[in-house]
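Colleague: With chain L fixed as given, assemble chain X with the ligand onto it according to the hints.
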Amino acid sequence: MKFNRRSFIGTGIVAAATLHAPIVLGAGKPRVVVIGGGAGGATAARYIAKDSDGAIDVTLVEPTRSYYTCFFSNLYIGGFRDLKSIVHSYGKLASEYGINVVHDWAVGIDRSARTVTLAGGAVLPYDRLILSPGIDFIDGAVPGWDVTQQNKMPHAYKAGSQTELLKAQIEAMPEGGVFAMVAPPNPFRCPPGPYERISMVAHLLTQINPTAKILVADPKEKFSKQALFEEGWQKHYAGMIERLGPDFGGGNVTVNPDAMTITIDGTEEKVDVCNVIPAQKAGRICEMAGITEGNWAPVHAHTMQSRLDENIYVLGDASNQGDMPKSGFSANSQAKVAAMAVRGALTGSKVFPAKYSNTCWSLIATDDGVKVGAAYEATDEKIASVSSFVSQTGEDAAMRQQTYEESIGWYAGITADIFG
Amino acid sequence: MRYAGGVVVIWAALSSAAQADEKALQIGDAARGAEVFQVCAQCHQVGDGASHGTGPHLNGIFDRKVAQFDDFDYSQGILRARRDGMVWDLEHLEAYLTNPKTLVSGTNMEFAGLSDPKDRGDVLAYLRGFSANPQNIPEAAPTALKQDVELPPEVLAMVGDPEYGEYLSTECTTCHQLDGDYDGIPVITGWLEEDFVLAMHAYKQKIRPHPVMQMMAGRLADDEIAALAAYFGALE
Ligand SMILES: Cc1cc2nc3c(=O)[nH]c(=O)nc-3n(C[C@H](O)[C@H](O)[C@H](O)COP(=O)(O)OP(=O)(O)OC[C@H]3O[C@@H](n4cnc5c(N)ncnc54)[C@H](O)[C@@H]3O)c2cc1C
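Protein sequence lines, in the order shown, are assigned to chains L and X.
Residue numbers are given in UniProt numbering: position 164 of the first sequence equals residue 164, and the series is strictly consecutive.
Residue numbers are given in UniProt numbering: position 125 of the second sequence equals residue 125, and the series is strictly consecutive.
Isolated chain L, as found in the complex (with noise of 0.2 Å):
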């Protein structure tokens, strides 16, 4: 057996170099360190601390105290639920888990030293490093929009004082305003989101400013249970919702946050409100790790690893995997993945086969809910979808209302599968 110097440097961990072989345990214990506390990170985290019953050492990484979940921020903005309803805290993670969790920025990875740096100065070793940083918006993907235009034009695409903007500039538009939003390329966060937000938006409106339009500028010919959508929307909110596909210009959009005006394929509109939701890539320090391919981390499908560095594991939004879309869901179920190979890496506990899925709830309008979901298996390229389901147009009122009630059932499952 061959040992990495670096290993010893400042850990005093004796690591194996071959990869997949357990670390044997020297003078301390394996060291798992976990960037990003959300669905795909704060899952990995619990499951690895869970499942390995002290042997390894987690620490998470994340800057924030409180998690606001993306996943029903829009039901928020549509008066569904509080903003309480969607918080999470880290302190069963810690107190029930024994997951050191520490709150920072990190701003540095040296692969080669196997280190992390913090904002705060700390300097993390690691034997394998976990990365589900989620997303960033490209630069100057819609022209005139930057992120420190955010309080002007608000994404809410991360969820927390960016949702209550939002919403709070929604309830303050004029009678009869105009509610815009700019709509993501693909690929990006949770392919639904955009248009369930639409749905949320009416819904509001319809309650508190019934003559308000909304208007869609989308750079995409299809989108997501486009036709569940569509359907709800001439259902529930007639006349009130307008998208511009890319035939209208839809794709041909620029902003001017202090003029409050969106210009689409050369004609200008003032709006009240404007929701750019821009061209999305992996979180930064995906790329400041050097782990990027394009604007995506590429993973092996077996195990969520890095296909640039073996000891990196990269989950959620910030993978390039293949056909999962993404979302929480396919976060937290990468994550388990991951874990369990983790695990095997560290302490030669068993490995089964991957297994995928992912459900996606959409809620169009009071106990109108929907779902689209489907099943992947690993292959040597790509995670691949094997079989796969939509909600049907023309469903019954109880089981649309059903649907819904299965999505609160699965928001609670969800968090507490990744925050214990």
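In case anyone wonders, no lab produced these hints; they're calculated from the structure.
Backbone N, C-alpha and C fix where the C-beta goes; we use that ideal spot for every residue, glycine too.
Treat each hint with caution, since some may be false.
[Claimed, not checked] Stretch by stretch, here's where chain X covers chain L in the computed footprint (C-beta under 8 Å, at least three residues):
1. 330 to 340
2. 353 to 359
3. 369 to 375
4. 382 to 389
5. 409 to 420
[Stated by the list, open to error] Listed below are the simulated DSSO-like cross-link pairs for lysine-lysine, each with C-alpha atoms no more than 30 Å apart in a straight line:
6. L:Lys235 x X:Lys118
7. L:Lys382 x X:Lys206
8. L:Lys220 x L:Lys235
9. L:Lys158 x L:Lys350
10. L:Lys50 x L:Lys158
11. X:Lys65 x X:Lys206
Modeller: The following block gives chain X with the ligand in isolation, referenced to the frame of chain L:
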């Protein structure tokens, strides 16, 4: 696993090769079915003037959506199946009468089921006579009874690997809560293993309606279902 009789009867997948050869059976003998119905009669009425008792009356049951009477107090489980769009066609009646829990966990029909396929066929032939529009039932469906399949004893004796069950369960806990809380998705901890296995096979065979569970169960092998039943069954 706790299979009292050692043999559990389920049904063949529609596509199974064995079935292609099988000659179509008559749905059953309605006259004999009237006698079999005596076991149902303590709870169900059928025919002119039938009203609800412990169970709802069974007039016009064929090809009707399940649990249709607003004036009968059904269980939550069967109401869920109704919202899922389940219909009392021959296949579903057959499964329900074999073992009501196969189709509807938590049903209020406190009845062990008719284990003899002949009894089921006959009682269904009898009930079919009280269907509002028996002539509208496509001939193909009610005249060909699907062959029952006995799970081979080695499959039944299969002891699930608990470690494997625990791993597989991680796919379920995204929706089903381990602590047994109900927020809109059924609780699946602490079940009798047999009920669990039957329910999962019913989704796998697409007899129970529900796209999510049909998909989840559809890719589980028999031993995986056994492992899950053992794992969840042991949780309180
Ligand atoms: C409006 C909306 C609705 C949605 N609805 C659904 C839904 O119904 N169902 C569903 O399944 N999904 C839904 N999603 C998608 C879901 O929210 C994401 O796919 C999911 O959160 C991705 O998980 P993740 O772990 O990749 O990233 P995140 O959950 O975003 O977590 C990333 C975490 O990493 C932290 N981080 C980033 N960089 C660093 C760094 N350098 N150092 C330390 N920490 C860092 C961030 O603070 C963040 O907490 C929705 C999304 C949106 C926007």
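Colleague: All the hints need checking, so say for each whether the structure fits it.
Modeller: Against the structure, the hints come out as follows:
Using a Cβ-Cβ cut-off of 8 Å, 4 residues of the segment 330 to 340 of chain L lie near chain X, which meets the minimum of three, so the contact claim holds. Residues of the segment 353 to 359 of chain L with a Cβ under 8 Å from some Cβ of chain X number 3, which satisfies the need for three, so the listed coverage holds. Counting residues of the segment 369 to 375 of chain L whose CB falls under 8 Å from any CB of chain X gives 4; the rule of at least 3 is met. Only when three residues or more bring their CB closer than 8 Å to a CB of chain X does the claim for the segment 382 to 389 of chain L stand; here the count is 4, and the claim holds.
Proximity of the segment 409 to 420 of chain L to chain X, defined as three or more residues with a beta carbon under 8 Å from a beta carbon of that chain, is established by the 8 residues found. This hinted pair does not check out: Lys235 of chain L and Lys118 of chain X have alpha carbons roughly 49 Å apart, beyond 30 Å. For the proposed pair Lys382 of chain L and Lys206 of chain X, the alpha carbon gap of about 28 Å is at most 30 Å, so the pair holds. Note on Lys220 of chain L and Lys235 of chain L: the hinted pairing holds, with a Cα-Cα distance of about 23 Å set against a maximum of 30 Å.
Under the criterion of a C-alpha separation no larger than 30 Å, the hint pairing Lys158 of chain L with Lys350 of chain L is inconsistent with the structure, at around 36 Å. A C-alpha spacing of about 28 Å is found between Lys50 of chain L and Lys158 of chain L, which places the hinted pair at or below 30 Å, so the restraint holds. Of the pairs offered as hints, the one joining Lys65 of chain X and Lys206 of chain X holds, with about 16 Å between alpha carbons and a cut-off of 30 Å not exceeded.
Hint violations for this structure: numbers 6, 9, all remaining hints satisfied.
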